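Asker: Sequence:
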Amino acid sequence: MYLFIINNQSGKGAKVWKKTLPILQSKEVNYKAFFITKPEDLLHIETKLMKETIKAIVIIGGDGSIHHALKFVENTEIPIGIIPAGSGNDFARALKIPHKSSEALNLILRGHTKKIDMIKVDDKPCATVVGIGFDAKVAELANRSKIKKWLNFIKLGKLAYIYGVLKGVFSYQSTEMTIHVDGIEKTYSHVWLIALANTPYYGGGLKISPEANYTDGTLNICIVHSLSRLELLLFFPLVFLGKHTLHPSVEMISGKEIEISSTSSVPIQADGEPLGSTPTFITIKNRELHVIV
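Residue numbers (the UniProt record's numbering): 1 to 293.
If you are wondering where the hints come from, they were derived from the structure by calculation, not from laboratory data.
These numbers were taken from a predicted model, which means no experiment stands behind them.
All the pointers check out, no bait thrown in.
Below, computed lysine-lysine pairings styled on DSSO-like, alpha-carbon distance capped at 27 Å:
no.: 1; residue 1: 38; residue 2: 124
no.: 2; residue 1: 27; residue 2: 100
no.: 3; residue 1: 96; residue 2: 27
no.: 4; residue 1: 38; residue 2: 18
no.: 5; residue 1: 19; residue 2: 100
no.: 6; residue 1: 114; residue 2: 71
no.: 7; residue 1: 38; residue 2: 55
no.: 8; residue 1: 115; residue 2: 71
no.: 9; residue 1: 55; residue 2: 100
no.: 10; residue 1: 243; residue 2: 96
no.: 11; residue 1: 256; residue 2: 124
no.: 12; residue 1: 186; residue 2: 124
no.: 13; residue 1: 256; residue 2: 96
no.: 14; residue 1: 55; residue 2: 32
no.: 15; residue 1: 100; residue 2: 32
no.: 16; residue 1: 19; residue 2: 32
no.: 17; residue 1: 38; residue 2: 100
no.: 18; residue 1: 243; residue 2: 167
no.: 19; residue 1: 32; residue 2: 15
no.: 20; residue 1: 55; residue 2: 18
no.: 21; residue 1: 256; residue 2: 186
no.: 22; residue 1: 27; residue 2: 15
no.: 23; residue 1: 55; residue 2: 115
no.: 24; residue 1: 243; residue 2: 256
no.: 25; residue 1: 186; residue 2: 120
no.: 26; residue 1: 167; residue 2: 38
no.: 27; residue 1: 114; residue 2: 124
no.: 28; residue 1: 115; residue 2: 32
Construct the complete structure from the given sequences, taking the supplied hints into account.
Answerer: Spelled out as structure tokens, the structure:
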């Protein structure tokens, strides 16, 4: 049985499902479908499916929906399939999943799976990028904004992240952070953000870590520090192009086990979803996540 989880928070998931359903019926696919509008809805699904045999979990949604569904497949060999229907769709972008729903569904029904790496943030599973500091604040502002649903409706959801940058750059305060990477410690002053990437993209196409490889068993780490607010604002267009890595205020490193602390508590996001605040311990689990590609 294929389990379809449809995020209908913005209404886009239902529209994609409406296109998907006739194909499933014509192919006589065995499936169950659940609509969710908030992460808590997944708890009810988990209870109902304890005795079911699941061939694949298919997410009709974005990176946040995938993030919350990872708990279903953690420590199992159940693959995840993706039909993009979010604002950013960065995980689908990294895996080259077709944006057209019918093509994505055909890919899922063919069933070719691949093992990729999975991030653990204080034992919570994540798929794409963990952001600590300013970008976590930006994600929070973007997710809370009233314009995000409207932007999603007109297929410009990624602009919500730009809105968050413009709103957050004047209120967020950089801070000193200490990072331990595989036992090596370094302290940075005036840190704006630390991004730990399994895949290259976040924020709807921001190429924060161009060299990130989701099968190499390491996290690519981008540390942005010692910029004025104006310099930070001018910095983000470089990230869209993936040209920021040579900037003098950027350090790119990599590692498998990372511990991060800060002089003042700063927010953490993963896959665009809030995950508390520093301090934190982050690891990468090599080829633990099964995805249909």
